[in-house]
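Visitor: Sequence:
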Amino acid sequence: MRRIRVRTGKANGFALIDLVFVCGIIGLISTIALPRLVLAKQAAGAASAIGTLRTVSSAQLAYALTCGNGFYAPSLPALGTPPPGSNDGFIAPDLASAATITKSSYSFRLEGVPFAGAPPTCNGLGPGEAAQGYRAGADPLEPDNPRFFAINANSQLYSHSATLYDDMPEVGEPLFGQPIH
-3 MRRIRVRTGK ANGFALIDLV FVCGIIGLIS TIALPRLVLA KQAAGAASAI
47 GTLRTVSSAQ LAYALTCGNG FYAPSLPALG TPPPGSNDGF IAPDLASAAT
97 ITKSSYSFRL EGVPFAGAPP TCNGLGPGEA AQGYRAGADP LEPDNPRFFA
147 INANSQLYSH SATLYDDMPE VGEPLFGQPI H
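Residues -3 to 177 in the working numbering are what the sequence shown spells out, letter by letter.
Among these hints, one or two may not hold up.
Cβ pair distances, simulated, as ranges [to be verified]:
#  : residue 1 : residue 2 : range
1  : H177      : A95       : 27 to 37 Å
2  : T96       : H177      : 23 to 33 Å
3  : I28       : P89       : 37 to 47 Å
4  : P79       : I28       : 52 to 62 Å
5  : P139      : D84       : 28 to 38 Å
6  : S151      : N65       : 13 to 23 Å
7  : G47       : G23       : 32 to 42 Å
8  : N83       : G23       : 20 to 30 Å
9  : L30       : T62       : 45 to 55 Å
10 : P110      : L35       : 26 to 36 Å
11 : E169      : I21       : 47 to 57 Å
12 : S93       : G20       : 42 to 52 Å
Hints were generated in silico from the structure; no laboratory data involved.
Quick reminder that beta carbons are idealized off the backbone N, C-alpha and C, glycines included.
All chains should be built: construct the whole structure from the sequences, respecting the hints.
Guide: Written as structure tokens, this is what we have:
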């Protein structure tokens, strides 16, 4: 009689149950980590918005002291226009590309009401086009992001759970919102 040998060694590769188990663990970890990832993305966007508004505020101060004869630029493109003899505006070209820009999941706007008594500026604004104050705002583009920001000529940054831009005065405190220190 012949004996038939049965191989009792280990099988090579994965079994289907192994693959299902690994996919289940990955799914579980993903459901735990995904909300934190969204919060981290929103926090990074908010930090970028705060930095951008502080940059705009610093640029407005530099503009008023050096080019605007004590007055502010009425828009982002005006703030980005370089004075004669320079290739650089007061803000980076990406911030000065339009009246409203999108950056880091936020929409940024800057407005200053032209003052009739304002003198011409060194970067091409005519008489009466510069502003005595300004307001700048950053509104999130994602509907579930509750952090809105605004700043004005006082250089105090404010945060709120609704848009601050429409009610932000050019000088002084807004009716609502918390100051960010």
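Visitor: None of the hints should be skipped; say for each whether it holds.
Guide: The hints, checked one at a time:
For the pair H177 and A95, the beta carbons lie near 29 Å from each other, so the given range of 27 to 37 Å is met. Between T96 and H177 the Cβ separation comes to about 27 Å, which falls inside the hinted range of 23 to 33 Å. Evaluation of the 37 to 47 Å hint for I28 and P89 yields a pass: the beta carbon distance comes to about 42 Å. A C-beta distance of roughly 54 Å is found between P79 and I28, which places it inside the suggested range of 52 to 62 Å.
A hinted range of 28 to 38 Å holds for the C-beta pair P139 and D84, which are about 36 Å apart. Remark: the range hint 13 to 23 Å for S151 to N65 is upheld by a beta-carbon distance near 19 Å. Taking the beta carbon of each, G47 and G23 are about 36 Å apart, inside 32 to 42 Å as hinted. In this structure, N83 and G23 break the distance hint of 20 to 30 Å, their C-beta atoms being roughly 53 Å apart.
The hint said 45 to 55 Å for the Cβ distance between L30 and T62, and at roughly 48 Å that hint holds. Restraint check, P110 to L35: a C-beta distance of roughly 41 Å breaks the suggested window 26 to 36 Å. The beta-carbon spacing between E169 and I21, approximately 52 Å, falls within the hinted interval of 47 to 57 Å. For S93 and G20, the Cβ-Cβ distance of about 47 Å falls inside the hinted range of 42 to 52 Å, so the restraint holds.
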